[in-house]
Structures are given as C-alpha cells and as structure tokens.
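The numbering used here numbers the first residue of the sequence shown as 1 and each following residue consecutively.
Please note: incorrect hints may appear among the correct ones.
[To be verified] Derived DSSO-like pairs: lysine-lysine, alpha-carbon spacing no greater than 27 Å straight-line:
| id | residue 1 | residue 2 |
| --- | --- | --- |
| 1 | 149 | 44 |
| 2 | 82 | 110 |
| 3 | 41 | 110 |
| 4 | 152 | 40 |
| 5 | 152 | 110 |
| 6 | 40 | 72 |
| 7 | 155 | 40 |
| 8 | 44 | 155 |
| 9 | 149 | 40 |
| 10 | 72 | 41 |
| 11 | 82 | 41 |
| 12 | 82 | 149 |
| 13 | 152 | 41 |
| 14 | 110 | 149 |
| 15 | 44 | 152 |
| 16 | 44 | 82 |
| 17 | 155 | 41 |
| 18 | 110 | 40 |
| 19 | 82 | 72 |
| 20 | 44 | 72 |
| 21 | 40 | 82 |
| 22 | 41 | 149 |
| 23 | 152 | 82 |
[Claimed, not checked] Label pairs and their calculated CB-CB ranges:
| id | residue 1 | residue 2 | range |
| --- | --- | --- | --- |
| 24 | 100 | 76 | 26 to 34 Å |
| 25 | 44 | 104 | 17 to 25 Å |
| 26 | 87 | 149 | 18 to 26 Å |
| 27 | 72 | 41 | 15 to 23 Å |
| 28 | 114 | 135 | 19 to 27 Å |
| 29 | 110 | 20 | 35 to 43 Å |
| 30 | 130 | 109 | 30 to 38 Å |
| 31 | 78 | 18 | 27 to 35 Å |
By construction, these hints were calculated from the structure, which means they are not laboratory data.
Yeah, the Cβ is synthetic: ideal placement off N, Cα and C, and Gly gets one too.
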Amino acid sequence: MRILFLDIDGVLNTPGTYARLQAMSKERKVLDSGYYLFDKKRVKLLNELNSNVHIIISSSWRFIYTVNDVYKMLYYNGYRRKGTLLGMVSRNIVQDYRGIEIYNCLTSIKAKDPNYVILDDDSSAMRVHEDRFIYVNGSIGLMQSHIDKVQKLLK
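Taking the hints into account, I'd like the entire structure generated from these sequences.
Here's what the structure looks like:
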C-alpha cells in the first residue's frame with residue numbers, strides 16, 4: 001500500500017490563500033464554511049498522484065473536521081481522486097507529536113509493508129521519518145516538484 005500523509009496548512013493553503021479570502025466581500029461566511037480555505041491550484045496538483053496512492057490526513061484539521069468534511073472541501077476545490085482519501089491520523093494523541101502519531105498510524109494499518117511519504121511544512125517532529133519526509137515551504141505551498149518527489153518515493 002502506498003500512503004501519502006498530508007498536512008493542510010502550509011501545503012494546500014498559504015498566507016496568500018488567507019489574503020485572498022480577506023479581500024472577498026462575504027469574508028465571515030466564507031471562513032465559516034471551510035470550502036474556501038484551500039488554494040485550488042495546490043489541490044489540483046494532488047490529482048497528478050498515481051491512482052494507487054492513498055491519502056491520510058495528518059493535519060491538525062483532523063481535530064476540527066471529519067474525513068468526509070475534508071473530502072468535500074477538497075472536491076469543491078478540484079480534487080478528483082475518488083476512493084483515495086483513506087482516513088486521518090488518530091485524533092486522540094497530543095498534536096505536538098505528529099511524527100509519533102504517523103508512526104502509530106503506520107503500525108495500525110493492516111497493509112503488508114506500507115510504503116509512505118509525508119508532505120508537511122513542519123519538520124520539528126519528523127526525525128523518525130527523515131527519509132520519507134518532504135518539506136513544503138509554508139509560505140509557498142505544494143508545488144509540482146513535491147508531487148514529483150512523492151511519485152519517485154512511492155514507486
């Protein structure tokens with residue numbers, strides 16, 4: 001099984017995403033819906049992943065939204081990979097230990113030898129995953145070069 005652990009803030013949205021939101025006339029309504037909290041250009045890059053790559057949300061968004069909520073928001077913003085959003089990293093562990101949470105998630109997956117990669121803008125808790133971690137600059141967000149690295153690591 002090929003798995004992408006995906007962060008959201010700094011990967012699928014950036015400070016520029018929020019600046020555009022502030023310029024919108026119905027800002028309060030937009031922010032409450034969650035549907036505009038993604039950069040469509042970044043979301044559409046996820047469509048380039050191989051069809052056998054499954055996504056698990058490792059973002060702190062898992063403390064606020066369900067996997068179904070996140071799928072609907074992604075779909076609204078151009079995500080078209082049906083059946084590939086596998087779930088979320090467990091929500092019952094302190095969020096400051098994301099690297100450990102991902103490790104625990106991997107041990108709980110019943111797949112034989114899962115092949116995985118992590119996209120995140122925070123490397124502070126990723127030492128244990130050093131060779132499977134792809135740093136995304138949170139000011140820029142997801143880029144084609146990140147998708148290319150994911151594809152290479154998940155061959």
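Hints and how they fare:
1. Pair hint residue 149 plus residue 44 holds up; C-alpha atoms about 16 Å apart against a cutoff of 27 Å.
2. In summary, the hint linking residue 82 to residue 110 is supported, as the alpha carbons are separated by about 21 Å, within the 27 Å threshold.
3. This hinted pair does not check out: residue 41 and residue 110 have alpha carbons roughly 33 Å apart, beyond 27 Å.
4. Note on residue 152 and residue 40: the hinted pairing holds, with a Cα-Cα distance of about 24 Å set against a maximum of 27 Å.
5. Of the pairs offered as hints, the one joining residue 152 and residue 110 holds, with about 24 Å between alpha carbons and a cut-off of 27 Å not exceeded.
6. Between residue 40 and residue 72 the alpha-carbon distance is near 13 Å, which keeps this suggested pair within the 27 Å criterion.
7. This hinted pair checks out: residue 155 and residue 40 have alpha carbons roughly 26 Å apart, not beyond 27 Å.
8. Proximity of residue 44 to residue 155 is assessed by CA-CA distance (about 21 Å); at most 27 Å being required, the pair is judged to hold.
9. With a C-alpha separation of about 20 Å, the suggested pairing of residue 149 with residue 40 holds against the 27 Å cut-off.
10. For a cut-off of 27 Å, the pair hint linking residue 72 to residue 41 stands: about 16 Å separates their Cα positions.
11. Restraint check for residue 82 and residue 41: satisfied, since their Cα atoms lie roughly 18 Å apart, inside the 27 Å limit.
12. For a cut-off of 27 Å, the pair hint linking residue 82 to residue 149 stands: about 22 Å separates their Cα positions.
13. Between residue 152 and residue 41 the alpha-carbon distance is near 21 Å, which keeps this suggested pair within the 27 Å criterion.
14. Of the supplied pair hints, the one linking residue 110 and residue 149 holds, its CA atoms being roughly 25 Å apart against a limit of 27 Å.
15. For the proposed pair residue 44 and residue 152, the alpha carbon gap of about 19 Å is at most 27 Å, so the pair holds.
16. For the proposed pair residue 44 and residue 82, the alpha carbon gap of about 13 Å is at most 27 Å, so the pair holds.
17. Taking the CA atoms of residue 155 and residue 41, the gap is near 24 Å; set against the 27 Å cutoff, the hint holds.
18. A threshold of 27 Å between alpha carbons decides the hint, and for residue 110 with residue 40 the separation of about 33 Å lies outside it, so the pair is violated.
19. Proposed proximity of residue 82 and residue 72 is supported: the alpha carbons are some 11 Å apart, at most 27 Å.
20. Among the hinted pairs, residue 44 with residue 72 is consistent with the structure: their alpha-carbon atoms are about 14 Å apart, no more than 27 Å.
21. Taking the CA atoms of residue 40 and residue 82, the gap is about 17 Å. The hint holds against a cut of 27 Å.
22. Restraint check for residue 41 and residue 149: the C-alpha separation of about 18 Å stays at or below 27 Å, so the hint holds.
23. For a cut-off of 27 Å, the pair hint linking residue 152 to residue 82 stands: about 22 Å separates their Cα positions.
24. Separation of residue 100 from residue 76 is about 32 Å and conforms to the stated range, judged on CB atoms against 26 to 34 Å.
25. A beta carbon spacing of about 31 Å between residue 44 and residue 104 contradicts the range 17 to 25 Å that was offered as a hint.
26. For the hinted restraint 18 to 26 Å between residue 87 and residue 149, the CB-CB distance of approximately 23 Å keeps it satisfied.
27. Take residue 72 and residue 41: their Cβ atoms lie about 19 Å apart, and the range 15 to 23 Å holds.
28. Range check, residue 114 to residue 135: about 21 Å between beta-carbon atoms, so the 19 to 27 Å window is met.
29. Here the CB-CB span from residue 110 to residue 20 is close to 41 Å, well matched to the stated 35 to 43 Å.
30. Look at residue 130 against residue 109: about 20 Å separates their beta carbons, and that is not inside 30 to 38 Å.
31. About 19 Å separates the C-beta atoms of residue 78 and residue 18, a value inconsistent with the hinted range of 27 to 35 Å.
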